[in-house]
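A.B. asks: The chain contents come next:
Number of protein chains: 2
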Amino acid sequence: MKRVLVIGAAGMIGRKLTARLARDGGLQGAAIGELLLHDVVESSAPAAPFKVKTTASDLSAPGEAERLVAERPDLIFHLAAIVSGEAEADFEKGYRINLDGTRRLFEAIRKIGDGYKPRVVFTSSIAVFGAPFPEAIGDEFLSAPLTSYGTQKAIDELLLADYSRRGFFDGISLRLPTICVRPGKPNRAASGFFSGIIREPLAGQEAVLPVPKSVRHWFASPRAAIGFLLHAAWMDTAQLGARRNLTMPGVAATVGEQIEALRRLAGDAAVRLIREEPDATIMRIVEGWPRNFDPRRALALGFRADASFDDIIRIHMEDELGQRTPAPRPGRA
Amino acid sequence: MKRVLVIGAAGMIGRKLTARLARDGGLQGAAIGELLLHDVVESSAPAAPFKVKTTASDLSAPGEAERLVAERPDLIFHLAAIVSGEAEADFEKGYRINLDGTRRLFEAIRKIGDGYKPRVVFTSSIAVFGAPFPEAIGDEFLSAPLTSYGTQKAIDELLLADYSRRGFFDGISLRLPTICVRPGKPNRAASGFFSGIIREPLAGQEAVLPVPKSVRHWFASPRAAIGFLLHAAWMDTAQLGARRNLTMPGVAATVGEQIEALRRLAGDAAVRLIREEPDATIMRIVEGWPRNFDPRRALALGFRADASFDDIIRIHMEDELGQRTPAPRPGRA
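If you read the protein sequences in the order shown, they are chains A and B. Per this note's numbering, numbering of the first sequence is gapless, rising by one per residue and ending at 333. Per this note's numbering, numbering of the second sequence is gapless, rising by one per residue and ending at 666.
Hint data in this document are derived by calculation from the structure and do not stem from the laboratory. Treat the hints with caution; some may be incorrect.
[Unchecked claim] Listed next, the in silico DSS-like pairs over lysine-lysine satisfying Cα-Cα at most 30 Å (straight line): (1) K93(A) / K426(B); (2) K2(A) / K16(A); (3) K93(A) / K450(B); (4) K518(B) / K426(B); (5) K93(A) / K444(B); (6) K117(A) / K426(B); (7) K426(B) / K111(A).
Throw the hints in and build the complete structure from the sequences for me.
C.D. replies: See the structure below:
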C-alpha cells in the first residue's frame with residue numbers, strides 16, 4: 001500500500017501528474033494505496049482506482065509541513081513554487097514559499113526519524129543558471145542564478161542533496177526545461193511568450209512576440225515533464241551518488257525554429273497571428289537565461305526528452321486540443 | 334568616519350584581522366571611526382588609534398542581527414561559523430549558526446532600507462566543492478558539497494549574490510583555502526593535521542599524520558587570508574558583475590611537499606617528530622576535498638596568494654614564533 005503525496009497538486013504540472021497517476025492506476029505497474037493532493041488552493045481530485053484525498057494550506061505556515069507528512073507518505077512530489085516573475089516582484093513571498101516552505105518540508109521529514117526515508121522528487125529549474133554561459137551547459141557548470149527564483153531553487157537543491165547524503169530522505173531534483181506548450185492562461189513567468197506564440201495562434205488568436213527570432217531556449221512538453229517525474233520516482237537513486245540535482249534533457253530551439261515548426265503543423269495563417277512587439281524588459285531577462293545544455297547524466301540515467309519542437313507542438317494539439325496531428329513529414333520534423 | 338563591524342571577531346582570522354586594522358590605524362590609509370567586534374564569546378579589544386567596542390551574543394538569536402547593524406556599519410566582515418567537524422556532528426547547530434545566522438544578518442541589513450548599503454565581506458570555503466573534481470577546479474565549476482558545512486556556505490554564497498543583485502548590500506564572498514599554519518590549539522576541523530604537522534614539530538612536539546603523503550591540498554597563510562579580506566573590503570566590486578563568490582588563490586602542495594618544506598626550514602629533527610598513523614575516517618573525509626584550483630578571476634581582480642609553501646612556514650615562524658627565518662635558498666624554495 002503505497003502512499004503518495006503531491007505538493008503543488010493544483011498547478012499545471014501537478015494536475016497533469018495526478019491525471020496520469022489516476023489513468024495508469026498506479027506507478028509503473030505498482031498499485032497506489034492512497035494519493036494525497038496538497039496546494040495552497042483546493043486541488044480537484046480525479047476519478048481514480050485508489051483513494052484520493054485533497055487538502056489546502058500554506059506549506060510555509062508553522063505545523064503544515066508536519067501535518068502533511070504525518071502519515072508517512074512513501075513518495076513525495078514537491079512541485080509547489082511561486083513562479084519567477086512573482087518571486088522577483090515580491091522578495092519576501094518568494095523566499096517564504098520557495099525557500100522556507102521547502103525547508104520546512106525537509107525538516108518535517110527529518111524530524112519523523114524512526115527509519116522513515118521517503119523518496120522526494122523535487123522540481124527545480126534551469127533558472128539556477130545565469131549568464132555568461134558556455135555554448136552548451138554541462139553537468140558540472142556552476143549555479144549562478146540571476147533571479148531570486150533561481151536562487152531559491154539552487155538553495156533547495158543544496159538542501160535536498162545534504163538531507164539525502166545524511167540519510168533523512170532519498171531525494172532527487174529535476175531542473176525542468178521551460179515547459180512548452182503550457183496550456184491555459186499565461187502565468188506571471190517572464191517565459192510565458194515561448195508558449196504563447198504557439199498556443200494562441202493554434203486557438204486562432206493573436207500572440208505577442210517580445211524578443212527577436214534569434215533567441216534560443218530549452219524546452220520540454222508537459223508530457224515529457226511528467227515522464228521525468230515518474231522516472232525519478234522509480235529509478236534506482238544509488239546511481240546518482242552524491243549529486244542529486246539533474247538537468248533534464250530538452251529540445252533547444254530558437255524562436256524562429258519554433259515558428260517554422262508551427263508553420264509546418266498549422267500553416268501560414270497561424271504564423272501570421274504572431275505580432276512582433278519588442279519588449280526591452282523581457283529581452284533583458286531572457287538574455288540572462290540558458291540557451292542550450294549537454295545533459296549527459298540525465299540521458300545516461302534514462303530520462304528522455306521530446307524528439308523535436310514539432311513533437312512538442314503535436315503533443316499540445318493532441319493532449320490539449322484533442323486533435324489528431326499530421327504525421328511527421330520525412331526530412332522536415 | 335567609517336564604522337567597521339567584525340562578526341566572528343574572537344576566532345583566529347577575526348583576531349588577526351582586528352590586530353591588523355589596529356596596527357595599520359585604518360583601512361588602506363582611510364581612517365576608521367569605530368570598530369565593533371562581535372562574537373558568541375567576548376572578543377579582546379586591541380589597543381588602536383580609534384574607538385573599539387566589543388559585544389557578545391548568539392547571532393542566530395532573534396533581534397541580535399538587528400542590534401548589530403542598528404548603527405549602520407559601512408563595512409561588515411562576516412567571519413563567524415561553526416567549523417566543518419562540528420557542523421557535521423551537530424546538524425541543527427550547524428544550520429542554525431551557519432545558515433540562519435547569516436540569513437538573519439542579511440535580512441537585518443535589508444530591512445534597514447533607506448539607502449543603507451554596506452560592503453559585506455563574507456568568508457566562504459573551498460568546502461563548497463565536492464569530488465569528483467577536474468585536475469584543477471576552475472571558476473565555473475559547480476558547488477556540490479559533501480558536508481553540511483560546505484552546504485551551508487554554498488547557500489550563504491547564493492544568498493549573498495542575490496541580496497547584492499537586489500541592491501540590499503554590496504557583498505563579496507571569499508572561498509578561503511585551508512589556512513595553514515593555523516596557530517594555537519587544534520580545532521574540530523578535520524583539516525587540522527595539515528597545520529599540525531608543521532606547527533607541532535616547530536614547537537618541538539610530536540604531530541600525527543593521518544593520511545598518505547600523496548594527499549594534495551590548497552593552502553593560504555593567515556597573513557595571506559587577512560590580505561584577501563582587506564582587498565575585498567576596498568576593491569571596486571563593479572568588476573565582479575553578478576558573480577560575487579570567488580575562489581581565493583592559494584598554494585597547492587602535497588603532504589610530502591609540506592614535509593620537505595619543513596625539512597628545508599627546520600631540519601630533519603623537526604621532520605622526525607611527524608608520526609604516520611593512518612586514520613580511515615579522516616582519509617575518507619579528505620578524499621572528498623579539493624586538491625588544486627585555477628582561480629583566474631581572483632588573480633585578475635588582484636588577490637594574491639603566498640609564493641610557496643616554504644613562505645607559508647616562514648610566515649608562521651615570523652608571525653607566531655617571533656623568529657627571523659632563513660632567506661630562501663635559490664632553486665629550492
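A.B. asks: For every hint, state whether the structure bears it out.
C.D. replies: Against the structure, the hints come out as follows:
| no. | hint | in the structure |
| --- | --- | --- |
| 1 | K93(A) / K426(B) | holds (26 Å) |
| 2 | K2(A) / K16(A) | holds (20 Å) |
| 3 | K93(A) / K450(B) | holds (22 Å) |
| 4 | K518(B) / K426(B) | holds (22 Å) |
| 5 | K93(A) / K444(B) | holds (15 Å) |
| 6 | K117(A) / K426(B) | holds (22 Å) |
| 7 | K426(B) / K111(A) | holds (15 Å) |
Violated hints: none; the structure is consistent with every hint.
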